[in-house]
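Here the protein sequences come in this chain order: A and B.
Using the numbering used here, the first residue of the first sequence is number 352, and each one after it goes up by one.
Using the numbering used here, the first residue of the second sequence is number 223, and each one after it goes up by one.
Just so you know, not all the hints are guaranteed correct.
Covered by chain B, per the in silico footprint, the following chain A stretches (three or more residues, Cβ under 8 Å) [stated by the list, open to error]: (1) 523 to 531; (2) 558 to 570; (3) 619 to 632; (4) 828 to 836.
To spell it out: a stretch of chain B is covered by chain A in this simulated footprint if at least three of its residues, at any positions, have a beta carbon under 8 Å from a beta carbon of chain A; those stretches are [to be verified]: (5) 380 to 388; (6) 470 to 478.
Only part of the chain A face toward chain B is listed, based on derived beta-carbon distances under 7 Å [to be verified]: (7) T383; (8) E423; (9) N443; (10) E445; (11) I582.
Calculated directly from the structure, the hints in this document are not laboratory data.
Cβ atoms here follow ideal geometry from the backbone N, Cα and C, with glycine treated the same way.
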Amino acid sequence: MRSLILALAFTCLAGCSVETDLTVGNSTDISTLDPFGMFSRVEISLGDHLFESLTFLSRDMEIVPRLATRWERLPGDTTWTFHLRGGVRFHNGEPFSAEAAAFSLRRYLQRNAEGMMVGGASVAIPSSEITRVEAADSLTLHITTARPKALLPFYLSQMFMLAPGHYAGADDATRAENPVGTGPYTLTDRVRDSHVTLTRNPDYWGAPPAQERIVFRVIPEISSRLAELEIGTVHIIGDLPYDQAELLENASGVHVASVPGGRRVMIGISTQEGPLRDKRVRQALNHAIDFDAINEGLYGGRAERMGAVFNPPFRHPDLPPYSYDPAKARALLAEAGYPDGFELNSLDTPLGKWIQDFELAQTIASQLAEVGVTLRDGVRTYEWGNYRSKLLNHDLPALFMQASGGEFELLTEAADLTITSPSNFYGWEHPQYEALWSELQETLDADRRREIGLEMQEVVLEEAPWIFLYIQVDTYGVSDRIDWSPRMDEVIHLWDVNWTDGAS
Amino acid sequence: MARYLAGRILQTVFILWAVASIAFFLTLLSGDPATLMIGEHWTAEQVAAFREYMGFDRPLFVQYLEYLGRIIQGDFGVSVRQQVPVTQLILERFPATLQLTLAALSIILMVAIPVGVISAVHRNSLTDRLAMGGALVAQSVPTFWLGILLILVFGVWLRWLPISGRGSAANLILPAITLATFSTARIARLVRASMLDVLSADYIRTARAKGLSPGRVHYGHALRNALIPVVTLLGIEFGSLLGGALVTETVFSYPGIGRLTIQAIQARDLPLVQGVITFGAMLFVLANLLVDLSYSYLDPRIRNA
Numbered sequence: 352m353r354s355l356i357l358a359l360a361f362t363c364l365a366g367c368s369v370e371t372d373l374t375v376g377n378s379t380d381i382s383t384l385d386p387f388g389m390f391s392r393v394e395i396s397l398g399d400h401l402f403e404s405l406t407f408l409s410r411d412m413e414i415v416p417r418l419a420t421r422w423e424r425l426p427g428d429t430t431w432t433f434h435l436r437g438g439v440r441f442h443n444g445e446p447f448s449a450e451a452a453a454f455s456l457r458r459y460l461q462r463n464a465e466g467m468m469v470g471g472a473s474v475a476i477p478s479s480e481i482t483r484v485e486a487a488d489s490l491t492l493h494i495t496t497a498r499p500k501a502l503l504p505f506y507l508s509q510m511f512m513l514a515p516g517h518y519a520g521a522d523d524a525t526r527a528e529n530p531v532g533t534g535p536y537t538l539t540d541r542v543r544d545s546h547v548t549l550t551r552n553p554d555y556w557g558a559p560p561a562q563e564r565i566v567f568r569v570i571p572e573i574s575s576r577l578a579e580l581e582i583g584t585v586h587i588i589g590d591l592p593y594d595q596a597e598l599l600e601n602a603s604g605v606h607v608a609s610v611p612g613g614r615r616v617m618i619g620i621s622t623q624e625g626p627l628r629d630k631r632v633r634q635a636l637n638h639a640i641d642f643d644a645i646n647e648g649l650y651g652g653r654a655e656r657m658g659a660v661f662n663p664p665f666r667h668p669d670l671p672p673y674s675y676d677p678a679k680a681r682a683l684l685a686e687a688g689y690p691d692g693f694e695l696n697s698l699d700t701p702l703g704k705w706i707q708d709f710e711l712a713q714t715i716a717s718q719l720a721e722v723g724v725t726l727r728d729g730v731r732t733y734e735w736g737n738y739r740s741k742l743l744n745h746d747l748p749a750l751f752m753q754a755s756g757g758e759f760e761l762l763t764e765a766a767d768l769t770i771t772s773p774s775n776f777y778g779w780e781h782p783q784y785e786a787l788w789s790e791l792q793e794t795l796d797a798d799r800r801r802e803i804g805l806e807m808q809e810v811v812l813e814e815a816p817w818i819f820l821y822i823q824v825d826t827y828g829v830s831d832r833i834d835w836s837p838r839m840d841e842v843i844h845l846w847d848v849n850w851t852d853g854a855s
Numbered sequence: 223m224a225r226y227l228a229g230r231i232l233q234t235v236f237i238l239w240a241v242a243s244i245a246f247f248l249t250l251l252s253g254d255p256a257t258l259m260i261g262e263h264w265t266a267e268q269v270a271a272f273r274e275y276m277g278f279d280r281p282l283f284v285q286y287l288e289y290l291g292r293i294i295q296g297d298f299g300v301s302v303r304q305q306v307p308v309t310q311l312i313l314e315r316f317p318a319t320l321q322l323t324l325a326a327l328s329i330i331l332m333v334a335i336p337v338g339v340i341s342a343v344h345r346n347s348l349t350d351r352l353a354m355g356g357a358l359v360a361q362s363v364p365t366f367w368l369g370i371l372l373i374l375v376f377g378v379w380l381r382w383l384p385i386s387g388r389g390s391a392a393n394l395i396l397p398a399i400t401l402a403t404f405s406t407a408r409i410a411r412l413v414r415a416s417m418l419d420v421l422s423a424d425y426i427r428t429a430r431a432k433g434l435s436p437g438r439v440h441y442g443h444a445l446r447n448a449l450i451p452v453v454t455l456l457g458i459e460f461g462s463l464l465g466g467a468l469v470t471e472t473v474f475s476y477p478g479i480g481r482l483t484i485q486a487i488q489a490r491d492l493p494l495v496q497g498v499i500t501f502g503a504m505l506f507v508l509a510n511l512l513v514d515l516s517y518s519y520l521d522p523r524i525r526n527a
């Protein structure tokens with residue numbers, strides 16, 4: 352027995368020396384290193400270290416220069432000029448130029464037209480909306496859109512610049528496994544479902560990245576992620592459940608970092624159905640929700656009730672959420688002609704898609720019942736795939752759980768509530784909102800855009816096409832040895848992260 | 223024997239066809255495959271183009287026939303999310319799963335057979351009771367719980383062994399123990415029962431009467447016969463372990479077939495889901511076939527029945 356223990360101890364000396372490379376433990380693997388196929392937050396996090404785009408979403412979700420240093424629209428508003436950064440090279444030594452940028456954008460458009468999934472996050476630019484991409488000189492790029500398109504710089508932040516010499520004739524396997532961009536790191540090693548190791552790009556044009564090597568590991572099980580964080584072999588873990596966060600707060604050497612993310616969770620209301628056509632009724636449903644109780648019971652007090660519906664940087668700074676006021680809810684119902692309440696068909700929810708979704712739906716159903724709004728078929732649950740089809744086909748009951756991801760871009764988020772949008776599941780149509788939307792599409796002035804965004808949020812809150820619930824708080828476990836804090840879009844960037852204890 | 227063999231092989235082909243068909247139709251039950259894979263803000267034209275690209279716009283029957291035609295040639299298509307042939311992804315993971323399976327199987331053999339034999343020989347002794355009590359506990363412990371416990375003890379408190387991942391031999395120890403525990407207990411109990419059966423047989427009494435030493439009787443005569451049902455169970459166990467250990471591979475972040483299966487389902491990567499299901503079934507059925515064939519070799523009565 353003693354020799355066995357010695358043998359184990361010896362194995363440890365050889366096999367489990369403490370990892371010194373900065374390491375992130377993710378719950379899921381990347382699917383591919385193909386710049387055309389990186390959509391998930393994990394993939395974009397990794398992609399941002401290898402590739403760069405013309406524009407960049409800053410920590411405050413503002414569009415800032417990256418490989419383009421500045422841009423302007425030419426008179427007529429459909430052609431844009433982008434001035435590109437000089438002296439930038441791809442990992443394979445090719446120079447970055449307007450030609451390379453044009454090549455990359457044309458590739459995206461071509462892939463998009465072929466029906467391939469393209470572009471970062473959930474944002475895909477329809478290829479028909481960009482009519483021409485042209486290099487005017489080596490560092491000037493012209494892009495022409497079919498209609499005036501204020502969103503263009505935002506879309507460009509989701510499209511990586513590719514080395515033409517590498518990607519021009521590349522087959523699927525090369526694209527999936529050999530990324531060549533201009534980013535601060537280069538690929539060293541990838542083992543599927545295990546890890547990706549990146550090494551500092553010595554020729555990077557910007558500030559030299561802080562770490563020589565960084566590692567993204569796949570550790571699907573939360574207990575294992577926590578254990579690795581605790582022993583110091585991993586320094587950042589995401590997808591931390593709220594109950595585990597409490598445990599972690601009491602551990603030494605690590606801390607919990609949380610940030611309100613972009614995911615907005617609400618109950619969608621079919622606003623064309625019976626009593627729900629009346630906005631007083633919809634407001635009453637909102638006043639019937641005791642969110643503090645939900646927050647304590649289901650989310651460990653970490654969630655926050657939503658008032659303003661858009662994400663930063665366009666979030667309305669002072670729109671108080673609906674208060675829990677059952678008396679007012681009953682009064683509003685009486686005013687609308689339903690002093691004894693009424694019956695709806697059901698509240699539908701996917702099962703296990705969003706945090707505690709079923710429990711949340713159940714609680715809401717019982718809180719609504721307290722003000723007299725009952726559900727004939729109660730809470731009905733669906734497997735996510737079937738629920739998604741129901742959403743996309745607008746085959747929905749009176750009330751349904753819905754969460755909308757954060758794009759951090761006003762036009763995309765505002766579009767969801769316009770009557771022509773396929774993601775307006777609520778049948779909600781409001782003249783003032785539609786007018787603001789039309790104006791927003793054509794408006795370039797940043798201050799006016801912001802004003803429009805604020806007005807839209809006031810309308811939405813007042814008209815209540817949703818039962819407003821909460822904005823999901825993303826929690827991370829972080830080693831005390833690093834100076835990192837989370838971004839609200841769930842993307843993890845490591846190029847400026849240093850050791851706090853002076854290690855190198 | 224030839225007829226028996228031909229019958230069994232035919233049966234195997236039928237089962238594989240059935241599994242592949244079930245995999246095909248089941249994966250279509252979870253809603254329109256195109257809507258599951260696209261982004262939230264796609265236009266109708268983009269969805270239509272994607273559906274056409276994936277071939278989802280053709281009649282189901284045509285898709286099914288084409289699918290069968292491809293898998294006969296070992297081609298499960300290309301993973302939608304990873305853009306890599308499904309067969310390549312499966313073969314890439316297979317060595318990891320094979321390694322883990324062999325490690326677990328060695329633990330099972332090294333522990334279960336001696337424990338079973340000793341328990342049977344010393345029936346109702348304290349050793350027997352302890353061993354069988356232990357087996358009961360081992361069989362009742364949930365795999366994920368055992369895995370996490372081992373991680374806490376050997377990874378976090380003692381820091382002897384790495385917690386997760388694949389690489390050195392040390393990485394294999396905790397997952398192999400976790401994976402082996404349930405089967406070890408099951409097989410130890412089977413060995414014991416089977417040994418008890420054999421020990422009461424006439425030829426054992428004869429062997430004892432001849433004056434053979436207890437060791438010769440137990441290991442030379444009894445164990446060999448007692449192992450026939452054990453071989454069957456081991457074969458089945460081997461086949462199912464090769465299909466991937468979903469829970470163990472997840473707890474220990476071990477990149478094998480089990481993880482690939484979960485990834486495929488989570489990403490709703492239909493060709494990959496179909497591929498791993500059919501591949502897992504194929505290994506299981508083949509292992510069974512081999513066991514049956516070896517069984518008939520070990521026991522002539524089966525061959526002629």
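Among all the numbered hints in the text so far, which are the ones the structure does not match? 3, 4, 8, 9 and 10
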